[in-house]
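Using the sequences plus the hints, can you model the full thing?
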Amino acid sequence: MEDFNLKWSGDLGLELHVADKNFPNAKQYADSLELIKSLNKMGVSDKMALTPHSTKDEDLSGLQAISDGSTGKSELPFLVAAYSGEMGAVLGYSGKQRVIEFFER
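Residue numbering for the sequence shown follows the working numbering, starting at 1 and increasing by one per position.
Restricting the straight-line Cα-Cα distance to at most 25 angstroms, the calculated cross-link-like pairs of lysine-lysine (BS3-like) are:
{"id": "1", "residue 1": "Lys27", "residue 2": "Lys37"}
{"id": "2", "residue 1": "Lys27", "residue 2": "Lys41"}
{"id": "3", "residue 1": "Lys7", "residue 2": "Lys41"}
{"id": "4", "residue 1": "Lys37", "residue 2": "Lys21"}
{"id": "5", "residue 1": "Lys7", "residue 2": "Lys37"}
{"id": "6", "residue 1": "Lys47", "residue 2": "Lys7"}
{"id": "7", "residue 1": "Lys21", "residue 2": "Lys47"}
{"id": "8", "residue 1": "Lys21", "residue 2": "Lys41"}
{"id": "9", "residue 1": "Lys47", "residue 2": "Lys37"}
{"id": "10", "residue 1": "Lys21", "residue 2": "Lys7"}
Bear in mind the hints are in silico, worked out from the structure with no lab data behind them.
Here's what the structure looks like:
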């Protein structure tokens with residue numbers, strides 16, 4: 001599994017994986033751009049590390065392993081949330097809408 005580059009605030013570490021302009025899936029790239037704009041408006045973009053991906057050949061299996069399973073697959077944008085409290089956990093949220101819902105709760 002890949003190493004995560006989490007940005008920590010207390011017991012919560014966040015990293016947002018996004019598609020960059022070279023990523024071959026145009027929808028995932030567009031969703032990544034829209035999500036970044038939304039997170040900037042919400043004022044939460046500075047609370048996470050940002051990791052861009054340019055090709056589907058990059059190993060994203062680590063993201064699949066922690067996916068919340070709501071979509072059955074992992075696609076970008078993808079939020080990694082690590083909790084370091086007593087029970088510690090790492091969860092993943094796949095897709096623009098799931099990431100927005102994470103921050104709206």
